[in-house]
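Top to bottom, those sequences are chains A and B.
Read in order, the letters of the first sequence are residues 3 to 322 in the numbering used here.
Read in order, the letters of the second sequence are residues 361 to 580 in the numbering used here.
Hint data in this document are derived by calculation from the structure and do not stem from the laboratory.
Among these hints, one or two may not hold up.
[Stated by the list, open to error] Restricting the straight-line Cα-Cα distance to at most 30 Å, the calculated cross-link-like pairs of lysine-lysine (DSSO-like) are: (1) B:K491 - A:K213; (2) B:K502 - A:K215; (3) B:K567 - A:K32; (4) B:K502 - A:K213; (5) B:K546 - A:K234; (6) B:K502 - A:K83; (7) B:K541 - A:K234; (8) A:K306 - B:K567.
Here is what each chain is made of, one letter per residue.
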Amino acid sequence: MASFRPLTIVTHPRYLDHDTGGDGHPEVPKRMKVIWERLDNGPLSNIIHRVSPEPAAREWLLSVHTQDYLLRLEEACLSGKQMLGHPDNRISYDTYEVALLAAGAGIKGIDLMEHNEAERVFCCVRPPGHHAEASIALGFCFINNVAVAARYWQKVYGKKRILIFDYDAHHGNGVQECFDQDPNVFYISIHEHPTFSFPGTGYAYETGTGKGKGTTLNIPLLPGAGDKEIMKALKKQITCAVENFKPQALIVAAGFDGHELDDMSGLCFSTNVFGHIGTYVDAWATRYCEGKSLTLLEGGYHLKTLAMGVETYLGGLSLA
Amino acid sequence: MYVQYYMTPNPITIKPSIPIPEAREILKRHDFRHLPVVDSQGRLVGIVTDRDIRSAYPSSVLSGPELEEELSRLARTPVQEIMSTYLLSLDMESTLDDALLLLEHQKIGALPVLDEGRVVRGILSIRDLLKAYGELFGLREKGSVLIAFKDDGSPGILMRIVRLFENLDIPFTRLLRTKDKRGDAKGIIYVRARTYNLNQLNGAASKAGLELLGSSIKTT
Numbered sequence: 003m004a005s006f007r008p009l010t011i012v013t014h015p016r017y018l019d020h021d022t023g024g025d026g027h028p029e030v031p032k033r034m035k036v037i038w039e040r041l042d043n044g045p046l047s048n049i050i051h052r053v054s055p056e057p058a059a060r061e062w063l064l065s066v067h068t069q070d071y072l073l074r075l076e077e078a079c080l081s082g083k084q085m086l087g088h089p090d091n092r093i094s095y096d097t098y099e100v101a102l103l104a105a106g107a108g109i110k111g112i113d114l115m116e117h118n119e120a121e122r123v124f125c126c127v128r129p130p131g132h133h134a135e136a137s138i139a140l141g142f143c144f145i146n147n148v149a150v151a152a153r154y155w156q157k158v159y160g161k162k163r164i165l166i167f168d169y170d171a172h173h174g175n176g177v178q179e180c181f182d183q184d185p186n187v188f189y190i191s192i193h194e195h196p197t198f199s200f201p202g203t204g205y206a207y208e209t210g211t212g213k214g215k216g217t218t219l220n221i222p223l224l225p226g227a228g229d230k231e232i233m234k235a236l237k238k239q240i241t242c243a244v245e246n247f248k249p250q251a252l253i254v255a256a257g258f259d260g261h262e263l264d265d266m267s268g269l270c271f272s273t274n275v276f277g278h279i280g281t282y283v284d285a286w287a288t289r290y291c292e293g294k295s296l297t298l299l300e301g302g303y304h305l306k307t308l309a310m311g312v313e314t315y316l317g318g319l320s321l322a
Numbered sequence: 361m362y363v364q365y366y367m368t369p370n371p372i373t374i375k376p377s378i379p380i381p382e383a384r385e386i387l388k389r390h391d392f393r394h395l396p397v398v399d400s401q402g403r404l405v406g407i408v409t410d411r412d413i414r415s416a417y418p419s420s421v422l423s424g425p426e427l428e429e430e431l432s433r434l435a436r437t438p439v440q441e442i443m444s445t446y447l448l449s450l451d452m453e454s455t456l457d458d459a460l461l462l463l464e465h466q467k468i469g470a471l472p473v474l475d476e477g478r479v480v481r482g483i484l485s486i487r488d489l490l491k492a493y494g495e496l497f498g499l500r501e502k503g504s505v506l507i508a509f510k511d512d513g514s515p516g517i518l519m520r521i522v523r524l525f526e527n528l529d530i531p532f533t534r535l536l537r538t539k540d541k542r543g544d545a546k547g548i549i550y551v552r553a554r555t556y557n558l559n560q561l562n563g564a565a566s567k568a569g570l571e572l573l574g575s576s577i578k579t580t
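From just these sequences and the hints, can you work out the full model?
What follows is the structure in structure tokens.
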């Protein structure tokens, strides 16, 4: 009988209030409900400790985004606009506030870990963040939750080497852009090949620039790639990069849209593979980060496989 | 599609009379491989490349007084002695295709771009050309994805594709009709579109009688 170690989930009912219009837009509030339901009723329910975030303070948003962009986003939401910049970036009146709460989840998780009140933290949030850049909303993302968390960890707790591992099926252009020249943050992304997939960035040749050269690793996978390909990368390339970098802190951008049933990508992962990813993350955390890791939800749009994927990943992460 | 928009304008040029070591210094300082040589009116009279310079320099096995003598001879030799005068060039109305074909055919690395009076107005290297084609194909265009439609050759198929994107309010920036190199060379129409919402695109494409090929679209 498998046993699991305690898990902290940072989430908030207000994440349901970001309304994406309901006319076929895949980033729906129900994504939260299916995950909550699965976790509350599954084998992990006994080891989960739920915590609420506060909205991220302006100071931390400004460490990633421009003031002008934040003003535009807030104004667009409050004035009743339905999108920001592109029809994919659907917004509603509450979106700005909800986005601040999503960004605040990572910050909450970090505070808990740094005060030894948690080890494995999963931020079950929406809207997602890894496509958002300093002054651009993109791919359903408005505030870059992962980037805000990393900057917070650097500035408040002085973390020198932060590893961000992104296994969402789409390249996290916003995260890469934020830390492109920062040698203290290593961004590893495994995603569907940019020739075929949104957002069209994340080629293997992109390895960081200036002082950050060598601290970006992109692993593009061709459409149709599945468990074999990601396991190979995890075992060799990614583990090697982690071992060489020796992170002090670990952030995971967790997307479940690479599942074979998820229409939003051409990748074909099984549910099980997310469990394997979880065990790898925990192994790195144990070896380098005193067992601590911060995982933030990004994509995953097939409701059933999203819920199962999250549960399986967390199972792998917290397996004793 | 014209070279004048993709070339390096007003490049560094040299006079035929400058000594070889000075030309070498210029190439090294700017990390260039080609230097157009011009007369007093700026008209092209030759090209000197880093290969020409390397050939002119004494062997690295030379040393002592022999080396000194060679170097001092070089210091008195103008580039005009080593420059190439068989001159291929582009003009201000040349297209990128002209440049590509010339560079491919002649196996050279760069071409000067001249105006009607043969004055050097720019230089287009292979790197500039790669960048130009990348830009034309929408490479690295943030937030974009390449969609492939089966080209069944039916009448109005292009119009149906354009309407599909317009109805969904999805900006698309490139459209390419070609043959698939795999298998039996079916017709393919590639579109580079700025969208993430593939679910929506998939559904609407089916309704419009369009078949999406491979790439990121799964049928479940």
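Hints broken by the structure, by number, lowest first? 5
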